[in-house]
Structures are given as structure tokens and as C-alpha cells.
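Line order of the protein sequences matches chains A and B.
The opening position of the first sequence corresponds to residue 1 in our numbering, with each subsequent residue numbered one higher.
The opening position of the second sequence corresponds to residue 1 in our numbering, with each subsequent residue numbered one higher.
Worth flagging that the hints you see were computed from the coordinates, not collected in a lab.
Wrong hints could be hidden among the right ones.
[Stated by the list, open to error] Using 25 Å as the maximum straight-line C-alpha spacing, the simulated SDA-like pairs for lysine to any residue come out as follows:
{"no.": "1", "chain 1": "B", "residue 1": "Lys116", "chain 2": "B", "residue 2": "Leu98"}
{"no.": "2", "chain 1": "B", "residue 1": "Lys150", "chain 2": "A", "residue 2": "Asn341"}
{"no.": "3", "chain 1": "B", "residue 1": "Lys69", "chain 2": "A", "residue 2": "Leu181"}
{"no.": "4", "chain 1": "B", "residue 1": "Lys310", "chain 2": "B", "residue 2": "Glu233"}
{"no.": "5", "chain 1": "B", "residue 1": "Lys150", "chain 2": "A", "residue 2": "His269"}
{"no.": "6", "chain 1": "A", "residue 1": "Lys231", "chain 2": "B", "residue 2": "Phe198"}
{"no.": "7", "chain 1": "B", "residue 1": "Lys206", "chain 2": "B", "residue 2": "Lys310"}
{"no.": "8", "chain 1": "A", "residue 1": "Lys329", "chain 2": "A", "residue 2": "Asn341"}
{"no.": "9", "chain 1": "B", "residue 1": "Lys150", "chain 2": "A", "residue 2": "Ala233"}
{"no.": "10", "chain 1": "B", "residue 1": "Lys178", "chain 2": "A", "residue 2": "Lys183"}
{"no.": "11", "chain 1": "B", "residue 1": "Lys127", "chain 2": "A", "residue 2": "Asn341"}
{"no.": "12", "chain 1": "B", "residue 1": "Lys202", "chain 2": "A", "residue 2": "Thr98"}
{"no.": "13", "chain 1": "B", "residue 1": "Lys150", "chain 2": "A", "residue 2": "Pro232"}
{"no.": "14", "chain 1": "A", "residue 1": "Lys183", "chain 2": "B", "residue 2": "Asn128"}
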Amino acid sequence: MAYINGIGIISPQNTLPGSDFLEPVVEHTSEFMKSLEPVYKLYIDPMASRRLSRLIKMGISSAKMCMQDAGLEVPDAIITGTGLGSVEDTEKILGELTIEEKFLNPTPFIQSTYNTISSQIAINLKCHEYNSTYVHRCFSLESGLIDALLQIEEGSALNVLTGGIDEMTLNHLTIIRRLGLWKLEPVRNLDLWSSALPGALAGEGAAYFNISKERNEKTYARLEAVETLYKPASTGQTAEAVLRFVSEHGLRPEDVDLVMMGNNGYDEHDRICNEVMMQALPSASRMLYKHLCGEYHTVSGFALFVAATILRKQFIPSSLLTIPIPPGKLETILIHNHFRNTDHSFILVRR
Amino acid sequence: MPSRIFVTGLGFISGLGNNVQENLDSLLDLRSFIGPVRHIDTSLKHELAVSEVSLTNDELMRDAGLSAKSAYSRNALLGIIAAKEAFLHARLDKHTGLNTGLISGTTVGGMDECEKYYQDFLTNDSKNRFIETYDCADSTEKIADHLGLKGFITTISTACSSAANAIGFASRMMRAGKLDCAVAGGTESLTRFHLNGFNALKILDKLPCRPFDATRNGINLGEGAAYLVLETEETNQKTGNPVLCELVGYGNACEAFHQTASSPDGAGAYLAMKKALDMSGETPDAIDYINAHGTGTDNNDLSEGRAIEKLFTGKIPYVSSTKPFTGHMTSAAGSAEAIISILGLQQGIIWPNMNFLTPMPELKFQPAGEIIRGVDIKLVMSNSFGFGGNDSTLIFKKHGIH
Numbered sequence: 001m002a003y004i005n006g007i008g009i010i011s012p013q014n015t016l017p018g019s020d021f022l023e024p025v026v027e028h029t030s031e032f033m034k035s036l037e038p039v040y041k042l043y044i045d046p047m048a049s050r051r052l053s054r055l056i057k058m059g060i061s062s063a064k065m066c067m068q069d070a071g072l073e074v075p076d077a078i079i080t081g082t083g084l085g086s087v088e089d090t091e092k093i094l095g096e097l098t099i100e101e102k103f104l105n106p107t108p109f110i111q112s113t114y115n116t117i118s119s120q121i122a123i124n125l126k127c128h129e130y131n132s133t134y135v136h137r138c139f140s141l142e143s144g145l146i147d148a149l150l151q152i153e154e155g156s157a158l159n160v161l162t163g164g165i166d167e168m169t170l171n172h173l174t175i176i177r178r179l180g181l182w183k184l185e186p187v188r189n190l191d192l193w194s195s196a197l198p199g200a201l202a203g204e205g206a207a208y209f210n211i212s213k214e215r216n217e218k219t220y221a222r223l224e225a226v227e228t229l230y231k232p233a234s235t236g237q238t239a240e241a242v243l244r245f246v247s248e249h250g251l252r253p254e255d256v257d258l259v260m261m262g263n264n265g266y267d268e269h270d271r272i273c274n275e276v277m278m279q280a281l282p283s284a285s286r287m288l289y290k291h292l293c294g295e296y297h298t299v300s301g302f303a304l305f306v307a308a309t310i311l312r313k314q315f316i317p318s319s320l321l322t323i324p325i326p327p328g329k330l331e332t333i334l335i336h337n338h339f340r341n342t343d344h345s346f347i348l349v350r351r
Numbered sequence: 001m002p003s004r005i006f007v008t009g010l011g012f013i014s015g016l017g018n019n020v021q022e023n024l025d026s027l028l029d030l031r032s033f034i035g036p037v038r039h040i041d042t043s044l045k046h047e048l049a050v051s052e053v054s055l056t057n058d059e060l061m062r063d064a065g066l067s068a069k070s071a072y073s074r075n076a077l078l079g080i081i082a083a084k085e086a087f088l089h090a091r092l093d094k095h096t097g098l099n100t101g102l103i104s105g106t107t108v109g110g111m112d113e114c115e116k117y118y119q120d121f122l123t124n125d126s127k128n129r130f131i132e133t134y135d136c137a138d139s140t141e142k143i144a145d146h147l148g149l150k151g152f153i154t155t156i157s158t159a160c161s162s163a164a165n166a167i168g169f170a171s172r173m174m175r176a177g178k179l180d181c182a183v184a185g186g187t188e189s190l191t192r193f194h195l196n197g198f199n200a201l202k203i204l205d206k207l208p209c210r211p212f213d214a215t216r217n218g219i220n221l222g223e224g225a226a227y228l229v230l231e232t233e234e235t236n237q238k239t240g241n242p243v244l245c246e247l248v249g250y251g252n253a254c255e256a257f258h259q260t261a262s263s264p265d266g267a268g269a270y271l272a273m274k275k276a277l278d279m280s281g282e283t284p285d286a287i288d289y290i291n292a293h294g295t296g297t298d299n300n301d302l303s304e305g306r307a308i309e310k311l312f313t314g315k316i317p318y319v320s321s322t323k324p325f326t327g328h329m330t331s332a333a334g335s336a337e338a339i340i341s342i343l344g345l346q347q348g349i350i351w352p353n354m355n356f357l358t359p360m361p362e363l364k365f366q367p368a369g370e371i372i373r374g375v376d377i378k379l380v381m382s383n384s385f386g387f388g389g390n391d392s393t394l395i396f397k398k399h400g401i402h
């Protein structure tokens, strides 16, 4: 257990510092939901910035936003989760390799290495402490949160900077569309839940969190616990895992006020999300949010930002589809996500 | 009182051999198999010296008992072979009911298939089954499925220290009571992707690498996989597995100096070693042997050497880099060298830093040039440093001493 005392987030919605909580809602009509990027020179020296690819710039900037939000200079540990790292750099190399070997530009190779994000953040924050990177699909951000909570529990760190980051590119979307899980044509993001076209909408984003041992005036919410579940045998087993997870943290099923659902618009995926929560937490309100940020490996970062901000503000923006709107004070939110019914994750956030 | 972490299983495949025993035999015979590229279709084939696992993908599939119906990258195949050896060594197939984790380090992932089929991915449907084998999680999930592991799994990528951090993270999860035991290590197959990437950085040597030698001129890349089984003391009481050694120290630090270069004074390397030593509660002079990261680049060996001199102000322990044997196994180097260190600890052997002839003028110490037998070794340190200044150190202690 620890406290979320700062957040920095770059997403396809209005989430940059100074913006209202997800207001006004941003419509996307192109192939995928692209992040609204900040003015990078506010966060990165322009000379250094020119050499950095988009993902690395998003990573450094959101990490710095998070530290500024928390009012801290240097964290005791830096941990990043990323499903795919810099897709843009990886594609550059794969493209060059197809044509001719030997004359490769080394810069994309360096930046394609997953740990570049965490290490560039360390260079920018001058942090020489613990530094790690998790690269496991929908467990990436979650593994980082588990590591951060361990750091606090061990007493190795008082405040940990941890987050999740992924980017989408048109080439990558072309490739993954072959797998049948994604919409084959652009659909307006706000029409995600009514669109007849099957599949998920792709998105991207970067979200860093300051995870601290102590509550203070900056605290958004309490990060109670994070758990992952690999290859459950059935939705029944997943539902049991939810109930056990909730009860291990001293809660009854009815204590969960709101579940942030993993639904992304792909029918088979959504059926699993719905069945699990129907069985495990039938009385909780449910919230759909992926029409705002799209689907990507570290999408739980967007969800955690939403959950923590709702708990602090005690306010749910209307763009988040919530049924029913929970009456009274919001105390406890559960975030559920999964990848292909293989990697399930649960994040418990409390006021 | 945090639990003690015991090593009870080892699994290892590299250019030196396809299991722990074959690797040990090659080490004892001072054999290295570094040579031209055989398995990868690259125009750099005759320009580079590498260490490849001798088996082809088909032979690896056969040895792992896998059907060609599923898509396996070489990365996953190497990982399966080594993880299974460790798993069976610790008889985890017999000990049911344990909460067993799998933490694996990799960086290039299944890029070996992706780089062959990238144009197909973009233009047609013929190679769709390989699309999802390219990310880092694929090999970890293939290993978990092959071993029937259903507990906590994750993948770490901190470049060349990935496997060391996988072992370190596994031990932390166990000390916190979140796992009874874990299979932890790393896997990396050679790919055109990183052969070309390292080549572009101009840090590959065409000749056999010469770590800590004044004439050193870069890295020989290697491939393979290595996994350890770790058990808490309480779990070990249940399994009754013989304890191979104890993991007593883990240090992770970030140099935060430069994306690909180490600082000349080795600040990150020093911090990682210092943290591991502090955790172990041992003094520097208690360390008998350091398996250095020792890549053979100008930059690494100077900065690591200086860091060793800074930390070990009295007697400098035996130091060697075993990369002239295995090549630089990148993400798997941390666990491969942990196993080599543990084998030395068990056998009372200091492994030689092969190809060493000319001392570096900047350093006061020299690496062990010859194999030394019959040494009473109690504590060994294994260093793994990655791009981005991700520096990690592990310390293993002989079991049953105080």
C-alpha cells in the first residue's frame, strides 16, 4: 500500500498540466487515437530533443510533469512499463534491414532498446538509484506498480516514479490489424460503443505516477494493491481471483463502488470483461473509458489517472460512461484489464 | 526476518553447450566456439566473430519436444530449453502446490522472425502467426506454458543487465512473501537487428574479444539462455532440494550519464557493486571472485576496472570476464554469468579471462589469466551492466558457511 502523490500524463485527451479533468472531450476520427503532445521545450532541452524520438520525448515529459505535480526533484527509483517501446525506431531499423545491412544509423537502434525511456528519465532527473523496465504486454505497467509497492514496503524508497508508455504508428496498426482484433477502418472514438464495425480502436499514451510512502496535501488516492493473473482456466476462475483480491485487502464485494472495465469494443474481449464483473462484483457501478484513450498495452495508466483523480475530486466527468453513477462518496475503485484473456490485471485504488 | 534465498536449480544453453554439464565441460577445457555467423542470413556473416548455439531451430524444437504447428522464435526456443533444465534440476515438476513465479529478461525478443517477415507483415497475410512472437513477452509466456507455470510472470528489459535484474526482482518478490520460488534468468538469440545495431555503434571486434587487455577492441556477440531456480528457505525445507548456493546480495543502480557510454570513473558500476555488498552484509575483502561484465570495449573495461579499484581498496579479488568463452549474451549475460560464477564456487575454480596478454596501463590490477583450481571460494560477485547505465550486481555465497 502506498499513496499516489503526483501524476504526469500525455494521452489522446485533455490531460496535460493546466487542463480541466478530461474537459472538453477530444474527438478522434483518424486511424488511431494519437496523444495530444505537450510543448516539449518546457520539459526537454531543445538541442537534446532533436535527437530523441517521439516516445522518448513523451516519456521524459510525462515523468517531469509527474515530479512537478508531486513537488519533488529526484525520485528514489524509476520504473517504466512498456509493451513495445519505441515502435517508430524499431520500424526504422526493420525498414533499413530490408534494403541493405551495414549502413544502419545507430540512433534508432539505441532508442529502440526498451530501457532507453527509464534511463533517459534518469539522465534528465539526475537519478542514480534503482532503475528498471518491464516489457510484458498488459503486465508491463502493472509489474512496475508491483515493483514500486515492493520498494516502499522494503523501505528501499520513499517515493518511486513509475509509469507506463506506448505509442502507435500507422505501420504497426497495419500489421496488428491482420490479427482480427482491431477495427479495419477509422471510427469516431465517441462512437466506439455503437459502431457496427467489429474490433478495438488503437490508442497510445504515457502516464507516470509518484508512488509515495506518506500521504500529504498532494495525495490523489491510495494505491492499495496490484495483482496479475496469467491464463485463467475460465471466467469463473478470474471472478474468484477478483473476489479473493478484494477480500485480501479487507473489503467486501459491495465495498467496491466502481469498476473501470477493460472493454475495448472487440466483442470477445468485452464478453470476458462483462462476465467476470457480473460474477464477481454485480453491485458495483461500471465505467467504460477506452473510447477516450484507445487500446494499448499500458492503457491501465490512463485508467489509474482517471481513478485517482475521481477519488480526489469526487467527480466523474460525463465523457466517462458510468452506469449507474455511484450515489454518495466514492471510496474504492477497481481497475480490471486483460490481453486476450491471457494477461489479466487488477488495480485497487482507495480514497 | 527476511527469508534467505537459495539457488536449487540451473539451466544453461550457449555456444559452449546445450546444458549445464556441456557448458561446464567447455569451460574446464578452455574451449570457446567463437567464429563466423552460421545460423543467420546476414551480409555481416564473415565480418563478425560471434558465439552461436550450435543447434538449428528445428533441432531446438525437436529437443524441446515441440510441434512446428505453433510459432516459436529462436529466443523462445533457447529460453524453453534452459528454463526446463533448471525447472527439472530443482524437481519443480514433482513439487506441486508451490507458488512459483517466472521472471525473464530479454531485449531483442522474437526479432529473429520479425526481421525475416517484416515486409510480409506489412503487405500480406502469409506470416501472421509470427506477428505476436516479436515482442518481449512472447518468449516468457511460451516458457511459462511449456513448464505449466500459472503464477506470477513478467519480463524485464534493461538491455545487457536484464537477466541480472530478473534474478534480483524474483528474490525481492520472494523475500516479500509473494512467491515461494521462482524460475529467473534471461534469453537472447542473435538477430540481424542487434548484430547490425552493435555494428553501427562500432563496438564489435572481428577478432576474439580481449576484455581488460590494453589491445581490446570490442565485443563478440553471443546467444543463449540461462535460468536459475530460487527457493526461499521455508520452501526449501519442503522441497528438500540440495542447496547449490545462496543469493545474498543484489544491487541495481543507474549511472544516468549517457545512453550508451559508461562514465570514465565507473560511478554506476561502483554503486551497483556497493549496494549488493551492503545488502550482503559482507566486507569487500570477503569477496573471492568477481565475474566482471568485461565486454572488451574500451569504455566498459576501463570504467568497470576503475570502479573495482575504488570499491576494493585493500586486496582486489580474482577478476575475470568469461565473455571470451560465451560471447556477450546481452540480455542473458546476467544469468549465464551467474551460473558460471556458481559453477566456479562449487568447484573451487577461478575462471580465466581468456585472450588476456597486455595489462591496461590505467589499472593497477590484472584479470586472472589462467584457470586456477583448488581455491576455497566463499563469495562470488557477478556484474552486469547495460546501455542506459542500467548497472546491476549479484552476490552468491557458498551454502552452509557463516
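Query raised in the report: So which hints don't hold here, by number, going up?
Result: 1, 4, 6, 7, 8 and 10
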